[in-house]
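Chemist: Let chain A serve as the given structure and place chain B on it in line with the hints.
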Amino acid sequence: MDMNEIKEIFFQECEEQLTELETGLLAMNDGDDDPETVNAVFRAVHSIKGGAGAFGLDDLVAFAHVFETTLDCVRSNKLEPDETVMKVMLKSADVLADLTAAARDGGTVDPARSSTLAKDLEALANGQPLPDGDAAPEAAAPAAPAAPAEPVAEAAPAAEASEGPAPTDDSGFQPVPFSFDDMDEAPAEEAPEAAADGKVYTVEFKPNAGLYAKGNDTALLFRDLAQLGQMEVRCNSEALPDLEGMDPEDSYLTWSITLTTESDEDAIRQVFEFAEWDCKLEVTAGKPDADENAEEAPMVPVPFDLSMLGEPEKEEAPAPAAEAKEVAAPATAPAPAPAPVPAAPVAEVAPTPAPTPAPTPAPEPAPAKAASPIIKEPAKKPKVSAVAPAQQIRVDLERVDRLINLVGELVINQAMLAQSVGENEETVSGQGNNINLGLDELNQLTREIQDSVMAIRAQPVKPVFQRMSRIVRESADMVGKNVRLVTEGENTEVDKTVIDKLAEPLTHMIRNSVDHGLESAEGRMAAGKDPQGMVKLSAKHRSGRIVIEIEDDGAGINRDRVKQKALDNGLITPESNLSDEEIDNLIFHPGFSTAEELSDISGRGVGMDVVKKSIQSLGGRISIQSNPGKGSIFSMSLPLTLAVLDGMVVSVADQTLVVPLTAIVETLQPEKSDIHGFGAKQRLIAIRETFCPLVDVGEILKFRDEPADPIEGVALLVESEGGGQRALMVDAIQGQRQVVIKSLESNYSNVPGIAAATILGDGRVALILDVDMIVSASKGQGLALEEMMSA
Amino acid sequence: MGDESEAPSILKLPDNLDLNAVSAMHTELVGLKGQDVEIDAADVRKSGAQCVQVLLAAKKTWDADGKSLVIGSMSEAFGNTLKLLGISGEVLPTKETA
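Residue numbers (my numbering), protein chains in the order written: chain A, 1 to 791; chain B, 1 to 98.
The following block holds chain A by itself, in its conformation from the complex (with noise of 0.2 Å):
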């Protein structure tokens, strides 16, 4: 597994902690005060930080950590979550997500944004007023007001120290010439060849189990370490229990290093950032009590530069305790460490990040308990299995489509096979039952792979409408409103192509009803409602479709101004007369816009028209119900899957084509007397006591130019998504079967009335009836014309 690798599954994993994110701090906007949420929540920003940290992303790791900081002082309950604090935080969850993406697309997030923000959340970690948004942009690049907000400020004087020319340090060390070549893995970087001539630091490490558990291994963070100067490690293994009594999965040993660098304290406290919370550190300028070393036994100092690595058994072994006792000495010799470091300022930082003012990490105590339970019972839990209950694994999307692919030409050629045995029944009628038992079974275990490789594409709709939590934030910030969005059915699952399709959409909808479907809050308040707004988003499946509702509890769409828009735009004339649903659906209409100013964030020249057309292209519907005063919903229906759909095979005029299942009521054959005369050129067919529009497809699609009889024909009685049936009229049904969709956008172009294509089981081509197309073409011939010339 190469680093890109990795950092792909760190950025897969970032989206889900994102999600997670998302998901507790808009439980906590609520209300939900249950602490294992905020924690939920600090765990996910320290996790991003965490990989961040082992990619260099600086600038997400600089974000995070401050986020992380406030969120601690939320989990301490040094800060109370109220209005103002979320609001921070949700927008901070947004620009962690935006520096995410950027990390992994490469591209850039206003420093600005991230910046004031940042301020914002230090102000609030500190218990300060929110500085005012305007007077930040001088901050800059996010990392540089990220970086830990106090401690920088206190360590700043040991910074400078090392900057300048670092005082000699006469403690006996050796400089040696430092080679990477020899690591395997190091990263061939700054060659601290000088660390002879920097300050002396003593690190005391005390790993805890949960470290390990998370993957993170002393030696790794000792070999980073080992990159900033020389080092000599001292190994305290007095807690150790005999063999048998040991956890081998607890923590027992403990290490006191001296380490002689240019580098400063932060750069030592960085080597173990992404482990802070699973280990006491202590970093204090200068030498280890030379006392405490010399009685200890178990500590004998091993030194250790990176040169070692790779010239191992050679010197160590033949002489291992000579050179340690060897080493033992400089050590302790110069014990009153001449460190000629600023020991004050610097003594302050180094208990770790607790000591300053009020709302620094304060890591040891909470995060513990947070970041790994395991600590508490190292013996009785196992380790990563305790953070990982559902097991599952992670595939390439790519192997799930070819695995899809397959199967829909295993299905093909099922379809295939089952055609030529039938047409070949009398030759093999000998023992024709046995294989068209055969056929059957192998019918029904299709059936059944097909099922469950759907299955594993399919997703819950969840991101996406946490997405769109976002959306309506900004929107309403940027419109001056206050909405609130509810969502509903979130684990509503549907193929994942589908669900990659859908934010773009939804998002232009949401703006949409934020914008333009809720009024202003003094125009609420006015009409006797709530002053914030409501956007309620729900997914839902029926009848083998999803559907998705965006609803609004805005003013509903004012009729009379779009009626009047219409007119204006010579979309209708004066005439017209017009039902509701009708004036409602002409927003869809290219290029209609209401809005009499194009606001910033649904006037981008882009229309409902838009929405209308990638919900098509997904096999979907759309459309309006809107209630006066009340608000309106806008509800979509799409496939679950874009891959296989159940559909009843006919012909029309000597061509064969599907007419997808879900939307057929039931079929018939019309009478003579069923059929009646309507206008000069409709027909209806009284079906039980009604009476429904008879659409010739053949004549719609213009396969014939006369229409065909109906008494020779069947009748495909369907529902369309707009309400009201529609009796679709073909030449004869051929049989029912499940065709694997093809595209015709990607392998031809959009036809109007196709929905798409599939390959039946004798090879041909059959085209896929979009049944609603059909049933909007039916219902005014002149605009079917006009919708299938102009496409």
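Where hints are given, some of them may not hold.
35 Å max Cα-Cα, derived DSBU-like pairs, lysine-lysine [claimed, not checked]:
1. A:K529 x A:K91
2. A:K280 x B:K46
3. A:K206 x B:K12
4. B:K46 x A:K206
5. A:K630 x A:K529
6. A:K613 x A:K496
7. B:K33 x A:K280
8. A:K613 x A:K565
9. A:K206 x B:K67
10. A:K7 x A:K501
11. A:K681 x A:K613
12. A:K742 x A:K613
13. A:K540 x A:K630
14. A:K87 x A:K540
15. B:K33 x A:K206
16. A:K779 x B:K67
17. A:K206 x B:K95
18. A:K565 x A:K630
19. A:K206 x A:K501
20. A:K462 x A:K742
21. A:K462 x A:K540
22. A:K7 x B:K46
23. A:K529 x A:K563
24. A:K87 x A:K462
25. B:K12 x A:K280
26. A:K630 x A:K613
27. A:K630 x A:K501
28. A:K501 x A:K563
29. A:K78 x A:K536
30. A:K779 x A:K496
31. B:K95 x B:K60
32. B:K12 x A:K7
33. A:K280 x B:K60
34. A:K540 x A:K496
Chain A is nowhere near these chain B residues, computed Cβ spacing over 12 Å in every case [unchecked claim]:
35. P8
36. I10
37. K12
38. P14
39. A49
40. Q50
What the hints contain is simulated information worked out from the structure, not anything from laboratory work.
Backbone N, C-alpha and C define an ideal beta-carbon position, used for all residues, glycine too.
Modeler: Coordinates of chain B only, in the frame set by chain A:
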């Protein structure tokens, strides 16, 4: 210390001594308790502090039992880890020095 004349049991360590290997290694060592043991770390490519910790605990136990536990041969990688962790040959002796 252990009886040098008797052939010690040899425990061959796997190439990856990360935290997943810790429990198995612990169990194997517990099973060898009471015998002189020579650890063969020649194949170790990757090792973590927890495995070293188990070895140290074993060493402590073996010492208390008056048995010998030594490192027979070790890979470069394993030697590096021991150095990084400040484990001297005195704490965990090799065959030659024991």
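Chemist: Please go over all the hints and tell whether each is borne out by the structure.
Modeler: Verification of the hints:
1. A:K529 x A:K91: Holds: A:K529 and A:K91 sit about 27 Å apart, inside 35 Å.
2. A:K280 x B:K46: 25 Å, holds
3. A:K206 x B:K12: 29 Å, holds
4. B:K46 x A:K206: 22 Å, holds
5. A:K630 x A:K529: The given pair, whose Cα atoms are some 10 Å apart, holds under the 35 Å limit.
6. A:K613 x A:K496: Cα-Cα ~19 Å, so holds.
7. B:K33 x A:K280: 33 Å, holds
8. A:K613 x A:K565: 21 Å, holds
9. A:K206 x B:K67: 30 Å, holds
10. A:K7 x A:K501: 25 Å, holds
11. A:K681 x A:K613: The hint holds at about 30 Å.
12. A:K742 x A:K613: 19 Å, holds
13. A:K540 x A:K630: 23 Å, holds
14. A:K87 x A:K540: 30 Å, holds
15. B:K33 x A:K206: 29 Å, holds
16. A:K779 x B:K67: Distance ~95 Å between A:K779 and B:K67 Cα, so the pair is violated.
17. A:K206 x B:K95: Holds - the C-alpha atoms of B:K95 and A:K206 are around 30 Å apart, at most 35 Å.
18. A:K565 x A:K630: 22 Å, holds
19. A:K206 x A:K501: The hint is violated at about 49 Å.
20. A:K462 x A:K742: The given pair, whose Cα atoms are some 28 Å apart, holds under the 35 Å limit.
21. A:K462 x A:K540: 12 Å, holds
22. A:K7 x B:K46: 21 Å, holds
23. A:K529 x A:K563: 26 Å, holds
24. A:K87 x A:K462: 21 Å, holds
25. B:K12 x A:K280: 34 Å, holds
26. A:K630 x A:K613: 27 Å, holds
27. A:K630 x A:K501: It holds: about 30 Å lies between the C-alpha atoms, which stays within 35 Å.
28. A:K501 x A:K563: Roughly 31 Å between the alpha carbons, so the hint for A:K501 and A:K563 holds.
29. A:K78 x A:K536: Cα-Cα ~34 Å, so holds.
30. A:K779 x A:K496: 34 Å, holds
31. B:K95 x B:K60: 16 Å, holds
32. B:K12 x A:K7: With Cα atoms ~34 Å apart, B:K12 and A:K7 stay inside 35 Å; holds.
33. A:K280 x B:K60: 25 Å, holds
34. A:K540 x A:K496: 16 Å, holds
35. P8: At about 16 Å from chain A, B:P8 clears the 12 Å cut-off, so the statement holds.
36. I10: 17 Å, holds
37. K12: It holds; B:K12 is separated from chain A by about 17 Å at its closest Cβ, greater than 12 Å.
38. P14: 14 Å, holds
39. A49: 4 Å, violated
40. Q50: Violated: least Cβ distance 5 Å, not greater than 12 Å.
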